[in-house]
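> Sequence:
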Amino acid sequence: MHPLVSSDSSTWPGEFPKSSQLFISALGTTRGNAGGFENQRKIDYDLNLALAKAAKEAGTKHYVLISSGGANPNSPFGYPKMKGELEEAVKALDFEHCIILRPGLIVGERNESRMAEGVFRKIASAAGCVSNGLKDFWAQDADVIGRAAVKAGMNCLEGKEGEKFRILGQSDIVRMGRTEWK
Numbered sequence: 001m002h003p004l005v006s007s008d009s010s011t012w013p014g015e016f017p018k019s020s021q022l023f024i025s026a027l028g029t030t031r032g033n034a035g036g037f038e039n040q041r042k043i044d045y046d047l048n049l050a051l052a053k054a055a056k057e058a059g060t061k062h063y064v065l066i067s068s069g070g071a072n073p074n075s076p077f078g079y080p081k082m083k084g085e086l087e088e089a090v091k092a093l094d095f096e097h098c099i100i101l102r103p104g105l106i107v108g109e110r111n112e113s114r115m116a117e118g119v120f121r122k123i124a125s126a127a128g129c130v131s132n133g134l135k136d137f138w139a140q141d142a143d144v145i146g147r148a149a150v151k152a153g154m155n156c157l158e159g160k161e162g163e164k165f166r167i168l169g170q171s172d173i174v175r176m177g178r179t180e181w182k
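Quick note on UniProt numbering: the sequence shown kicks off at 1 and runs consecutively.
The hints are simulated quantities; they were obtained by calculation from the structure and are not laboratory data.
Misleading hints may appear alongside valid ones.
Stated by the list, open to error - Cut-off 20 Å, straight-line C-alpha distance, at most; resulting in silico cross-link-like pairs (EDC-like, lysine to aspartate or glutamate): (1) LYS81 with ASP46; (2) LYS18 with ASP94; (3) LYS53 with ASP94; (4) LYS56 with GLU85; (5) LYS91 with GLU180; (6) LYS160 with GLU180; (7) LYS56 with GLU38; (8) LYS53 with ASP8; (9) LYS81 with GLU38; (10) LYS164 with ASP94; (11) LYS61 with GLU161; (12) LYS18 with GLU85; (13) LYS164 with GLU38; (14) LYS91 with ASP46; (15) LYS53 with GLU88; (16) LYS53 with GLU15; (17) LYS61 with ASP94; (18) LYS56 with GLU96; (19) LYS18 with GLU38; (20) LYS91 with GLU161.
All of these numbers come straight from a predicted model, not from anything done at the bench.
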């Protein structure tokens with residue numbers, strides 16, 4: 001593992017290690033934290049794509065991206081359109097394997113939350129107390145998503161991923177991050 005620790009994210013693509021076989025990106029922010037949609041795009045699209053290109057140039061074979069459940073390059077809405085455009089751009093880099101996770105609402109401990117998102121997180125938490133199945137089809141725990149991304153990457157490294165490009169939806173994420181994670 002090679003963490004990128006500089007607080008200047010513009011240097012990250014140049015710091016990409018040459019020996020890495022797997023790159024997992026969970027990089028993203030909110031419009032509010034970024035100070036507007038254009039600044040959010042600089043992180044969620046531009047920086048993600050720059051890192052993916054740096055990974056490809058460094059010889060990385062396997063790329064895992066945590067995207068968004070509504071990602072669609074043809075969406076009339078900014079956020080899902082941006083996420084869909086990123087997915088298409090990363091796919092075009094032609095990694096040996098490219099796995100994209102599309103989680104729903106991400107639940108779990110957070111330092112900050114938007115009001116509506118906070119309400120839905122509480123509903124998801126209550127539903128999860130009754131049964132994980134009530135929550136899993138529309139909201140996933142952050143740790144489950146993280147484990148699914150690692151599991152997808154490990155499957156690539158171990159030769160267990162047969163598809164060059166694959167999108168993992170919410171049920172796939174839950175299965176890999178909760179059931180198959182060992």
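> Hints first: check each against the structure and report whether it holds.
Now the hints, each set against the structure:
1. The straight-line distance between the Cα atoms of LYS81 and ASP46 is roughly 14 Å, inside the 20 Å bound, and the hint therefore holds.
2. With a CA separation close to 18 Å, the supplied pair LYS18 and ASP94 stays within the 20 Å bound.
3. Between LYS53 and ASP94 the alpha-carbon distance is near 10 Å, which keeps this suggested pair within the 20 Å criterion.
4. With a CA separation close to 18 Å, the supplied pair LYS56 and GLU85 stays within the 20 Å bound.
5. Restraint check for LYS91 and GLU180: the C-alpha separation of about 25 Å exceeds 20 Å, so the hint is violated.
6. Straight-line distance between C-alpha atoms of LYS160 and GLU180 comes to about 13 Å, which keeps the hinted pair within the 20 Å bound.
7. Between LYS56 and GLU38 the CA atoms are separated by roughly 26 Å; this puts the pair beyond 20 Å, and the hint is violated.
8. Among the hinted pairs, LYS53 with ASP8 is consistent with the structure: their alpha-carbon atoms are about 18 Å apart, no more than 20 Å.
9. Simply put, LYS81 and GLU38 have alpha-carbon atoms about 13 Å apart, close enough for the 20 Å limit, and the pair holds.
10. About 9 Å separates the Cα atoms of LYS164 and ASP94, which keeps this hinted pair within 20 Å; it holds.
11. A C-alpha spacing of about 12 Å is found between LYS61 and GLU161, which places the hinted pair at or below 20 Å, so the restraint holds.
12. For the hint pairing LYS18 with GLU85, the CA-to-CA distance comes to about 26 Å; that exceeds 20 Å, so the pair is violated.
13. The hinted pair formed by LYS164 and GLU38 fails the criterion: a straight-line CA distance of about 32 Å is larger than 20 Å.
14. A distance of roughly 15 Å separates the Cα atoms of LYS91 and ASP46; the hinted pair therefore holds under the 20 Å criterion.
15. Between LYS53 and GLU88 the CA atoms are separated by roughly 13 Å; this keeps the pair inside 20 Å, and the hint holds.
16. The hinted pair formed by LYS53 and GLU15 meets the criterion: a straight-line CA distance of about 12 Å does not exceed 20 Å.
17. For the hint pairing LYS61 with ASP94, the CA-to-CA distance comes to about 9 Å; that is within 20 Å, so the pair holds.
18. With a C-alpha separation of about 10 Å, the suggested pairing of LYS56 with GLU96 holds against the 20 Å cut-off.
19. Between the alpha carbons of LYS18 and GLU38 the distance comes to roughly 31 Å, so the proposed pair goes past 20 Å and is violated.
20. Simply put, LYS91 and GLU161 have alpha-carbon atoms about 16 Å apart, close enough for the 20 Å limit, and the pair holds.
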